[in-house]
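Engineer: When you get a sec, could you build the whole thing from the sequences and use the hints?
There are 2 protein chains.
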Amino acid sequence: MKIHYECFACAANQCQKIVEIGTEDLGLRKRGIIEAAKLMGRINEDSIPAVFDSEVFLGVYRVIGNDDPFKDYKELSNRLAEKVVSDIEKEKMDLRTALKLAIVGNVIDFAVGYSPERIGEDVGAMLGEELYVDHSDELFDRLGKAKILLYLTDNCGEIYFDRLFIGKLKEAFPHLKIYVAGKEGPIINDATVEDLERAGFEEFARIISTGTRIVGVPLDRVSEEFREVFGRADLIIAKGQGNFETLSEIKDDRVFYLLRAKCRPIARELRVPQGSMVCMRAM
Amino acid sequence: MKIHYECFACAANQCQKIVEIGTEDLGLRKRGIIEAAKLMGRINEDSIPAVFDSEVFLGVYRVIGNDDPFKDYKELSNRLAEKVVSDIEKEKMDLRTALKLAIVGNVIDFAVGYSPERIGEDVGAMLGEELYVDHSDELFDRLGKAKILLYLTDNCGEIYFDRLFIGKLKEAFPHLKIYVAGKEGPIINDATVEDLERAGFEEFARIISTGTRIVGVPLDRVSEEFREVFGRADLIIAKGQGNFETLSEIKDDRVFYLLRAKCRPIARELRVPQGSMVCMRAM
Chain A
1 MKIHYECFAC AANQCQKIVE IGTEDLGLRK RGIIEAAKLM GRINEDSIPA
51 VFDSEVFLGV YRVIGNDDPF KDYKELSNRL AEKVVSDIEK EKMDLRTALK
101 LAIVGNVIDF AVGYSPERIG EDVGAMLGEE LYVDHSDELF DRLGKAKILL
151 YLTDNCGEIY FDRLFIGKLK EAFPHLKIYV AGKEGPIIND ATVEDLERAG
201 FEEFARIIST GTRIVGVPLD RVSEEFREVF GRADLIIAKG QGNFETLSEI
251 KDDRVFYLLR AKCRPIAREL RVPQGSMVCM RAM
Chain B
1 MKIHYECFAC AANQCQKIVE IGTEDLGLRK RGIIEAAKLM GRINEDSIPA
51 VFDSEVFLGV YRVIGNDDPF KDYKELSNRL AEKVVSDIEK EKMDLRTALK
101 LAIVGNVIDF AVGYSPERIG EDVGAMLGEE LYVDHSDELF DRLGKAKILL
151 YLTDNCGEIY FDRLFIGKLK EAFPHLKIYV AGKEGPIIND ATVEDLERAG
201 FEEFARIIST GTRIVGVPLD RVSEEFREVF GRADLIIAKG QGNFETLSEI
251 KDDRVFYLLR AKCRPIAREL RVPQGSMVCM RAM
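Protein chains in written order, with the working numbering: chain A, 1 to 283; chain B, 1 to 283.
It should be emphasised that the hints constitute simulated quantities derived from the structure, not laboratory data.
Be careful, since some hints might not be right.
Since the list gives no way to pick out one identical chain from another, each pair is judged satisfied if it fits inside one copy or across any two copies.
To be verified - Only pairs whose alpha carbons sit at most 27 Å apart, straight line, appear in this in silico BS3-like list of lysine-lysine: (1) Lys30 / Lys17; (2) Lys145 / Lys170; (3) Lys71 / Lys83; (4) Lys17 / Lys262; (5) Lys251 / Lys147; (6) Lys90 / Lys170; (7) Lys30 / Lys251; (8) Lys262 / Lys2; (9) Lys2 / Lys17; (10) Lys17 / Lys71; (11) Lys17 / Lys38; (12) Lys2 / Lys38; (13) Lys92 / Lys145.
Keep in mind the model is a prediction, meaning the values are calculated, not measured.
Structural biologist: Laid out in structure tokens, this is it:
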């Protein structure tokens with residue numbers, strides 16, 4: 001997905017949050033923002049928001065001297081989500097509900113203004129919502145025939161819902177070899193390989209790094225190891241907007257997107273109402 | 001005033017509003033925003049927000065092919081404000097209340113998210129608020145000795161409150177020669193000389209143009225005529241944030257600022273709580 005007109009102000013607002021959360025020093029905040037403005041001046045009509053934004057954010061991190069401004073927020077998200085998931089009755093849960101929970105988990109995204117305290121109360125309400133696009137029958141059908149699944153995670157917090165879903169996938173498709181990918185290092189509130197290790201994904205899957213801190217799956221930046229797994233996978237489950245933004249450019253029919261269309265550009269691109277939850281095969 | 005860290009995202013959000021209000025065409029909106037990003041990449045730590053933003057906005061106007069995106073909004077503001085002011089009992093109003101009304105009128109600013117429909121109900125509430133800094137005694141005292149007053153307007157709508165105040169000034173200081181300045185052409189919702197003419201300022205004052213569409217009083221951009229009047233004035237009343245942002249750099253003790261500190265940077269600069277109304281002599 002190439003940038004839409006709303007992506008610029010959204011990135012600028014995220015940069016402001018980054019400097020506010022990243023330093024108390026007004027002078028450093030200002031230097032960070034000036035760096036953001038300079039880097040954002042390089043935008044062009046083919047820029048992919050996830051990639052472009054990540055480069056800007058990492059530039060701001062460097063200038064303000066904080067390599068992980070969302071550290072506390074991410075820890076809070078993980079702690080809260082782990083608790084919410086542990087309170088859920090998992091024994092009799094079917095695969096479809098677990099898939100939906102994995103999408104519901106995608107709302108836990110500080111970067112678009114979500115407060116983690118509301119996780120618990122919102123989960124119940126959202127589970128009652130229908131998926132606006134639901135290709136889960138096809139996904140499960142194809143998972144029955146697949147040997148290798150690559151699961152691309154998105155945010156901290158959310159990963160505890162992913163773990164629940166992946167556990168159910170492993171139960172339903174015990175033959176499946178599952179790889180679960182996280183970022184190489186901190187970028188906004190995305191889950192890193194370290195977060196995945198701490199969340200205990202190795203119980204069901206092999207944890208791998210995308211090899212980059214850039215959000216999503218920028219295929220020209222990922223590691224050789226990741227590219228190799230990406231090439232071998234029979235199916236790819238891509239969580240969240242960042243993975244969609246990067247993968248939608250390559251039109252790979254092994255990909256299923258699981259996400260909530262939080263912003264207008266994503267909703268416009270997917271041709272769904274803003275706020276919709278979807279399980280959608282790549283077009 | 002030089003930019004604060006919040007000025008970048010604020011300008012980016014204003015650019016988004018400009019393209020949304022200025023064109024329905026998504027492709028044009030995107031081109032307008034890319035132009036905004038490129039122009040904003042030139043920011044530096046000495047940039048003055050009003051000047052820098054105006055250059056960016058005019059660049060966006062050019063790209064989207066709309067030279068006055070706020071035309072309808074400004075007309076609505078003017079119409080509503082004219083009605084509100086005509087409903088006010090002016091006969092027995094004292095000068096101090098008229099001054100306060102002129103500050104209250106400063107909240108009519110679409111660019112920071114104000115809906116003109118709320119003008120009427122808010123005016124009453126705000127008239128009850130105290131000025132956080134009140135140098136009006138000194139202002140009136142000095143007006144008694146002054147020969148020439150230059151009154152720098154800010155936004156459409158607001159100018160009807162300015163006209164009421166200027167009428168009262170003319171009553172109280174009949175010897176005073178008053179110049180009232182507007183912008184040379186459309187820039188966001190700022191009042192142009194044409195708006196001042198339509199509002200009938202010539203009853204009390206001589207209307208002049210700053211000679212530029214740049215917000216505020218950028219002394220390197222104004223016309224020779226304006227510069228001459230600016231030089232001759234004994235006192236200068238500067239309405240709103242844009243005039244403050246440009247004039248605060250030259251530290252001219254003839255200037256009194258009448259404004260509401262709508263944003264954090266202005267509040268921080270003036271050392272007042274955000275939202276305060278002030279009548280403040282230049283420092």
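Engineer: Decide, hint by hint, whether the structure agrees.
Structural biologist: Quick rundown of the hints versus the structure:
1. Lys30 / Lys17: both (12 Å within a copy, 24 Å between copies)
2. Lys145 / Lys170: within (14 Å within a copy, 87 Å between copies)
3. Lys71 / Lys83: Within one copy, since 18 Å is at most 27 Å while 53 Å is not.
4. Lys17 / Lys262: both (18 Å within a copy, 20 Å between copies)
5. Lys251 / Lys147: within (21 Å within a copy, 73 Å between copies)
6. Lys90 / Lys170: Classified as within; 14 Å inside a copy, 78 Å across copies.
7. Lys30 / Lys251: between (40 Å within a copy, 23 Å between copies)
8. Lys262 / Lys2: Close inside one copy (16 Å), not across copies (35 Å); limit 27 Å.
9. Lys2 / Lys17: Cα proximity of Lys2 and Lys17: in one copy and across copies (23 Å, 21 Å).
10. Lys17 / Lys71: within (13 Å within a copy, 33 Å between copies)
11. Lys17 / Lys38: both (17 Å within a copy, 21 Å between copies)
12. Lys2 / Lys38: both (20 Å within a copy, 17 Å between copies)
13. Lys92 / Lys145: Within one copy only: 24 Å inside, 86 Å across.
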